[in-house]
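Asker: Protein sequences, first through last, are from chains A, B and C. Take 1 as the starting number for the first sequence in the working numbering and just add one per residue. Take 1 as the starting number for the second sequence in the working numbering and just add one per residue. Take 1 as the starting number for the third sequence in the working numbering and just add one per residue.
Be a bit skeptical, because a hint or two may be false.
Claimed, not checked - Estimated spans, in silico, between C-beta atoms of each pair: (1) H200/C - T168/B: 50 to 60 angstroms; (2) F2/B - L18/C: 43 to 53 angstroms; (3) T164/B - V32/A: 51 to 61 angstroms.
Unchecked claim - 20 angstroms max Cα-Cα, derived SDA-like pairs, lysine to any residue: (4) K6/A - N272/A; (5) K217/C - D237/C; (6) K6/C - N39/C; (7) K252/A - M108/B; (8) K336/A - G147/C; (9) K55/C - M208/A; (10) K336/A - F117/C; (11) K76/C - T151/A; (12) K252/A - M208/A; (13) K336/A - D22/C; (14) K252/A - S81/A; (15) K76/C - G59/C; (16) K336/A - S152/C; (17) K217/C - P189/C; (18) K217/C - R176/C; (19) K336/A - R122/C.
As the list claims (entries may be wrong) - Examples of chain A residues lying across from chain C (beta carbon under 7 angstroms, computed): (20) Y175; (21) R195; (22) A202; (23) D206; (24) A209; (25) A211; (26) S212; (27) L218; (28) V222; (29) I280; (30) E286; (31) G333; (32) L334; (33) K336.
It is worth saying that the hints were derived from the structure and are not from the lab. Glycine included, every Cβ here is placed at the ideal spot set by N, Cα and C.
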Amino acid sequence: MRGAFKTLLYLAAAAALAYPLTPFRDVYVLHVLVLIMVYMVLAMGLNILPGFCGLLDLGFVGFYGIGAYTAGLLTIHYNMSFWLIVPLAAVNGAFFGVMLGVPTLRLVGDYFAIVTFGFSELVVLFLTNEIWLTRGPLGVPGIAPVSIDATWLATLLGVDSRWRYAFRGEVPYFYLGLLMVILVYCGMRRLEDSRLGRAWLAIREDPMAAASCGVDLLAYKVIAFAVSAGIGAMAGAFFARWTLFISPDMFKFWESFLVLCMVVLGGLGNINGALVGAVILIALGELLRVALPRLGLPTETRFLAYGLIMVLIMRFRPGGIFTQVAETTMQSGLIKELRARLAARRTA
Amino acid sequence: MFEQQLVNGFTLGLIYALIAVGYTMVYGVIELINFAHGEIYMLGAFLTLSCISMGLPLPLAVLLAMLATAAIGVLLDVVAYRPLREAPRLAALITAIGMSIFLQNLAMIIWGSRPLPFPRQALPAFFAEPALRFSEVTVTWMQIVIYVTALALMVGLNLVITKTRTGTAMRALAQNRTAAALMGINVNRVISFTFALGSGMGAVAGVMVSMYYNTMYPTMGYLAGVKAFAAAVLGGIGSVPGAMLGGVALGIAETLGAGYISSPYRDGVAYAVMILVIIFRPSGFLGRSMVEKA
Amino acid sequence: MDAILKVEGVSKRFGGLLALGDVSFAVERGAIMGLIGPNGAGKTTMFNCVAGIYKPTEGRILFAADDAQRDVAGRKPERMTALGVARTFQNIRLFASLTVLDNVRIGRHCRTAANFFGAVLRTRSQRAEERRIVDDAMECLDFVGLGEAALSQASSLSYGDQRRLEIARALATQPRLLLLDEPAAGMNPRETEALVDLIHAILARGVTVVLIEHDMKLVMRICKHLVVLDHGVKIADGTPQEVRANPDVIEAYLGKGAAHA
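In isolation and in its complexed conformation, chain A is listed as follows:
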């Protein structure tokens, strides 16, 4: 049964992987799939705070916006390569994370939540009003798409080639997005099962006991905040080079709320859950976007459903769809080895 399920899962994954290359592909579906990937990355990034450290971050979208604008502005002003921009955006996001985190993470969690909220609102105000830098509410249009430029490689190899590929349509973004999701996913898995990840979980479970184990609470919370912010900014950079247009109202509180809802729905602290939460809520959002106007309701009211989902999950299934069990990290090689050792001991 389990084997059959696994085979089915692999088949589904292969089908999804090949879908953009088949003649059945549909631009709208592809667009939604890429959007899901962006939110998968966001959800994984946000998950670090409420999921691993037990800290409520209501301003996550601020870092997403910082990343998007970093990417957008560097692209239109300096025509910088996407591959350089992604790390720069991530570092910039992490920088703001540290600046905000150091003074505020000393405080009780509720205050942290409200400060992050205020911060993201200030980011939107800044983006709207500092027209000299951001062009204000009109947004930044005409951002160049991602391109792969092999000129430097050719120069390096001494070959005369100007091979350059600029992304067009949704298909290349689909695979780039997939790559980003996979990289972030693997990174998160590794972090979760590491000294750093365990320190985060310890802070979530009991800060005082964590400190007594030698965990520097402030430092580790700031690292969590910075990593989370960096991932958010990275997703923003991808977003900017994908939609090719960004404006301040794309980064309002609603987005933070939506991502939080994904994390809560999938299960706080569960990386797989974050992915599933992103799929469900984006798909649901698209469905409601079509369904609500037919009922004569504004499309924004879909947030009614999101709000309700959050309340119900917290009330009846606080672990989300995938309840985070202590076993999540228990698949690593070391643990498998230990399990075998314990079993051998028991039989001996």
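Could you slot chains B and C onto chain A? The hints should help.
Answerer: Below, chains B and C without anything else, positioned relative to chain A:
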């Protein structure tokens, strides 16, 4: 000019203070930021509107709206927060956010997403006329009504908190819930009472704002909620007089900031004040320290 | 006497409340000391001062992990752990939803070094360290007799086992001084006996133990040195025999109507 700004800021500040006491009282008894409080304030405005459109006179409409929002506040606690009292704080905070968004969108479905004007015909005609005029400063009758109502409510609130049995129980609860329960205080009833009281005050604030600016919209609670929370933080969360002080200070700071520093950042003043206070003086004017307890 | 810990004139005030008033005592290296007194006497406050949770209002806390003695009053808890002071809590504070193994692995935090980049890149040294962490954690778990339960969830353990797990976690930090806050509370007589054996085994590892305990029989039996606090003030300091005969101690206990003396 400056004096006029001060008068306008004071008006705004009193309204913030009315919302802020709701945050602060709830925080005092259950240590939860009730994010949905901003929506209670918004509902206060819309329910008044609905009552007026049913032909009720303004005072009766406001009273009914107060009672209704008080009931909603209590319901909010019973349905959403009470089951999570023993759960991790994060769960209750997330629920509060969820309820806030839920109520906001519910209002959007009921009343539509576009701003509605306050029904002018329900207001006495003299409201818009100046009541006092010193050289360049004008105070309208509406402002006077806001001052009187807000101050009366706050004095009343203070009396309730300091002089009644339930008020004493509220303060005891804020000190130590377990001990209060051991002393025979019905904890849940006191919490419900707190929600009712705070929600009623919020509703009045909602009416006054929509009257003052002649507009109401389902997302109005979002910004006002944050600003009132900032006021509560400024005054010292958990302290009722602090919330009043904080509200007035924030209202004035915001109006002056908008007038003299930069008007696009008007809302930014509230956020900036809040963040700075949280960072540098988390206990506010009159509150307890909120640095993580070991 | 070779003292690992010297508390000199420590006071701790919370607002107007004096929780500790000018308390001084010394803990001999390699010995086991009992800190006793009626409820509210300030015992846990004393632990919190030594463990770095509280900063004493006045006084010095001299800790000598090896030879060099230094004043550690007001150092942060994570620094104290790194220096070699570990503790358990009166009301058990485990990482309840994590596994038993992870609880102890977190205890290794202060003796390991892998950072963000090590974790993400899975460097060779990080992998080797992870392996060592598992081995060291298992050693601590086997030491307290919980090796078999390594992969179960901490909250699923029995009460007595949770107390043992806390001790294992504290030992994982490689302490020189271990502060046990009512380790026998809630244990049945058999578990208490096992605890006595465990404490002696800990001493044999070269760890000095300070114990807060209400079970007087237990304290009198295993401690050679007792310090008695009452209302934040030290009222007796000496061997169990001396303390038992001290009129102040008798009054402190009987005056409270407590019959455990």
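Asker: Hints first: check each against the structure and report whether it holds.
Answerer: Results of checking the hints against the structure:
Restraint check, H200/C to T168/B: a C-beta distance of roughly 54 angstroms satisfies the suggested window 50 to 60 angstroms. Take F2/B and L18/C: their Cβ atoms lie about 51 angstroms apart, and the range 43 to 53 angstroms holds. Judged by the Cβ atoms, the range 51 to 61 angstroms given for T164/B and V32/A holds: they are separated by roughly 57 angstroms. Distance check on the hinted pair: K6/A and N272/A sit about 15 angstroms apart at the alpha-carbon level, within 20 angstroms; holds.
A distance of roughly 17 angstroms separates the Cα atoms of K217/C and D237/C; the hinted pair therefore holds under the 20 angstroms criterion. For the proposed pair K6/C and N39/C, the alpha carbon gap of about 24 angstroms is over 20 angstroms, so the pair is violated. In summary, the hint linking K252/A to M108/B is supported, as the alpha carbons are separated by about 18 angstroms, within the 20 angstroms threshold. In summary, the hint linking K336/A to G147/C is supported, as the alpha carbons are separated by about 15 angstroms, within the 20 angstroms threshold.
Using a Cα cut-off of 20 angstroms, the hinted pair K55/C and M208/A holds, with the two alpha carbons roughly 15 angstroms apart. Annotation: proposed proximity of K336/A to F117/C is violated, straight-line Cα distance about 24 angstroms (limit 20 angstroms). At roughly 54 angstroms between alpha-carbon atoms, K76/C and T151/A are farther apart than 20 angstroms, so this suggested pair is violated. Annotation: proposed proximity of K252/A to M208/A is violated, straight-line Cα distance about 35 angstroms (limit 20 angstroms).
Between the alpha carbons of K336/A and D22/C the distance comes to roughly 53 angstroms, so the proposed pair goes past 20 angstroms and is violated. The straight-line distance between the Cα atoms of K252/A and S81/A is roughly 27 angstroms, outside the 20 angstroms bound, and the hint therefore fails. Straight-line distance between C-alpha atoms of K76/C and G59/C comes to about 16 angstroms, which keeps the hinted pair within the 20 angstroms bound. For the suggested pair K336/A and S152/C, the alpha carbons sit about 14 angstroms apart, so the restraint of at most 20 angstroms is met.
For the proposed pair K217/C and P189/C, the alpha carbon gap of about 12 angstroms is at most 20 angstroms, so the pair holds. A distance of roughly 26 angstroms separates the Cα atoms of K217/C and R176/C; the hinted pair therefore is violated under the 20 angstroms criterion. At most 20 angstroms may separate the alpha-carbon atoms for a hinted pair to count; K336/A and R122/C meet this at roughly 18 angstroms. Nearest Cβ of chain C to the Cβ of Y175/A: about 22 angstroms, over the 7 angstroms cut. The hint is violated.
The restraint placing R195/A at the interface with chain C holds, with a minimum CB-CB distance near 5 angstroms, inside the 7 angstroms limit. At its closest, the beta carbon of A202/A sits 5 angstroms from a beta carbon of chain C; the interface hint therefore holds under the 7 angstroms criterion. Taking 7 angstroms as the C-beta cut-off, the interface hint given for D206/A holds, the closest approach to chain C being about 5 angstroms. With a cut of 7 angstroms, the hint placing A209/A at the interface with chain C holds, because the nearest CB-to-CB distance is about 4 angstroms.
Among the interface hints, the one on A211/A holds; its C-beta lies about 4 angstroms from the nearest C-beta in chain C, closer than the 7 angstroms criterion. With a cut of 7 angstroms, the hint placing S212/A at the interface with chain C holds, because the nearest CB-to-CB distance is about 6 angstroms. Restraint check, L218/A versus chain C: the minimum CB separation of about 9 angstroms is more than 7 angstroms; hint violated. At about 12 angstroms, the closest approach between the beta carbon of V222/A and any beta carbon in chain C exceeds 7 angstroms, and the interface hint on this residue is violated.
Annotation: I280/A was flagged as interfacial toward chain C, and the flag is violated, the nearest CB pair being 24 angstroms apart, outside 7 angstroms. Because the beta carbon of E286/A sits about 33 angstroms from the nearest beta carbon in chain C, more than 7 angstroms, this interface hint is broken. At a threshold of 7 angstroms, the smallest CB-CB gap from G333/A to chain C is about 9 angstroms, leaving the interface hint violated. A distance limit of 7 angstroms between C-beta atoms decides the matter here; for L334/A the minimum to chain C is near 5 angstroms, and the interface restraint holds.
Interface restraint check for K336/A: the shortest CB-CB distance to chain C comes to about 11 angstroms, outside 7 angstroms, so the restraint is violated.
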